[in-house]
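Enquirer: Here the protein sequences line up with chains S and B, keeping their order.
Take the first sequence: its position 239, counted from the start at 1, is 238 in numbering that gives the first Met the number 0, and no numbers get skipped.
Take the second sequence: its position 196, counted from the start at 1, is 195 in numbering that gives the first Met the number 0, and no numbers get skipped.
No lab work stands behind these hints: they were computed from the structure.
Note that the Cβ used here is the ideal one computed from N, Cα and C, for glycine as well.
A couple of the hints might just be wrong.
For each label pair, taking beta carbons as the anchor points, the in silico distance ranges come out as [to be verified]:
1) S:R257 <-> B:Q157: 34 to 44 Å
2) S:L258 <-> B:E158: 53 to 63 Å
3) S:R118 <-> B:M69: 47 to 57 Å
4) B:R112 <-> S:I35: 53 to 63 Å
5) B:M69 <-> S:T106: 34 to 44 Å
6) B:D199 <-> S:G252: 28 to 38 Å
7) S:I200 <-> B:T68: 27 to 37 Å
8) B:A37 <-> S:K33: 29 to 39 Å
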Amino acid sequence: MKTILLHPTDLSIAASLVIVDIALSIFLRLGLHKQIAIAATRMVVQLVMIGYVLKFVFALNNPAATGLIVMIMVLVAAREVAARPDRSLVHGQNYLIGLVSVAGATTLASVFALITAIRPDPWFDPHYTIPLVGIILGSVLNAGSIALDGVLSGVEAAQPGIEARLMLGHPYWSAMATLIRGSIRRGMVPIINQMSAAGIITLPGIMTGQILAGLDPVEAVKYQILLMFLLSGASGLVAVAVAYSAAWRLTDGRQRLRLDQLR
Amino acid sequence: MDHATQTVNLRIDALRNTWAGPFSMSIDRGTCLTVTGASGSGKSVFLRMVADMDAAEGKVLLGDEDRTTMPAPQWRQKVTLVPAQAGWWAPTVAEHFEEKNKTTATELARQLRLPEDIFSRQVLRLSTGERQRLALIRALVAKPAVLLLDEPTSSLDQESVAAVESLLASELERGLVLILVTHDPAQAERLGNQTMHIKDGKVLPA
């Protein structure tokens with residue numbers, strides 16, 4: 000099968016759909032048109048840039064260059080995780096939590112895949128490493144930001160219940176358990192949906208991409224299954240890490256609920 | 000038994016945060032300190048500081064045990080705060096009570112004129128007065144040494160107020176230390192052995 004290449008005119012025609020969104024937003028007073036326009040523009044600029052960067056890095060085939068790209072991707076994802084919730088912790092602790100959890104979960108999942116299942120030669124081969132990290136980051140970002148938002152934006156509403164338990168002498172972590180569990184669960188919902196819908200309701204992006212690029216569907220499916228497992232592992236890790244570290248930053252040595260740590 | 004631990008139960012020494020206090024007092028076993036003052040004067044802050052729910056400087060001792068020598072949850076089991084608007088963390092009333100305390104809780108509910116089936120109800124469907132009494136019961140069944148009550152009868156009718164007061168009186172007889180924030184001078188008169196009046200976070204001389 001021959002890959003069908005797209006021309007800029009093809010893309011401009013597709014862009015008219017974004018204009019429809021913007022028109023709807025104005026007409027229905029959704030207040031989203033600015034956001035849609037910015038997001039669409041960002042998407043185009045980011046993707047075009049990454050296209051050229053990847054072309055360059057693939058040509059270099061050098062571990063330092065690959066590592067640098069991966070690091071930048073992780074930093075941007077961590078920033079997104081930290082910035083997404085409505086409420087944030089004082090002193091930029093959101094960013095620290097985002098960085099540690101995102102980097103940890105992503106590194107674990109991608110190194111695991113690179114040394115066990117995919118085993119490219121060399122193991123850091125940017126053709127594999129960069130797209131793999133990218134896909135994992137997408138899920139990690141989703142799960143991490145939802146779980147972090149669950150704790151930070153939920154804790155004020157949950158305060159009376161949490162403090163009632165503290166006042167009765169329950170330990171902080173028992174008092175917080177419901178909120179933490181709920182936040183982790185919410186963070187895991189997207190990947191669970193993605194797995195249950197895969198193949199029936201949706202054809203996952205990677206698989207579709209590989210099929211469009213001419214790969215045998217069954218081979219594409221194998222890759223997709225591997226990825227789904229990686230994504231579920233990484234999502235779980237990041238949701239747990241983010242929820243617990245946020246809860247830990249909301250208390251002190253005397254097991255109080257410190258909402259003054261919230262901004 | 001050591002004379003000091005037997006009679007002086009709760010001792011508060013220069014307890015303060017950035018705007019409230021210093022508060023210093025000692026309250027004997029079986030006696031009640033009533034705290035009065037306008038809304039926003041710092042009465043609730045004072046209670047939260049005693050329960051170690053808000054950070055504060057100064058010392059609080061139960062008998063001769065300084066609270067800093069024990070983990071905070073252990074302190075709060077002994078010195079339990081029931082705020083004016085107590086929180087709930089589960090859908091039904093029963094989920095807020097440990098199985099081993101159910102009998103005591105049912106008996107106390109009867110004394111406080113609550114309906115028989117109250118424990119199977121949804122918290123969201125309770126009236127403010129019902130919640131207020133249940134929060135008091137929830138704290139009492141855990142047998143604290145000190146109870147800090149923030150306007151415990153503000154939403155109750157006269158008969159229920161009398162029931163709560165007589166329950167508190169019998170707990171006092173058993174040796175409870177009670178700090179009671181109230182807007183009702185008559186209630187302060189009926190229950191209080193000593194009174195503290197707070198204005199703008201400071202203790203007013205009697």
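Enquirer: Give a verdict on every hint.
Expert: Okay, the hints, checked on the actual structure:
no., hint, verdict
1, S:R257 <-> B:Q157: 34 to 44 Å, "holds (40 Å)"
2, S:L258 <-> B:E158: 53 to 63 Å, "violated (38 Å)"
3, S:R118 <-> B:M69: 47 to 57 Å, "holds (55 Å)"
4, B:R112 <-> S:I35: 53 to 63 Å, "holds (59 Å)"
5, B:M69 <-> S:T106: 34 to 44 Å, "holds (41 Å)"
6, B:D199 <-> S:G252: 28 to 38 Å, "holds (29 Å)"
7, S:I200 <-> B:T68: 27 to 37 Å, "violated (59 Å)"
8, B:A37 <-> S:K33: 29 to 39 Å, "violated (47 Å)"
The earlier numbered hints that this structure contradicts are 2, 7 and 8.
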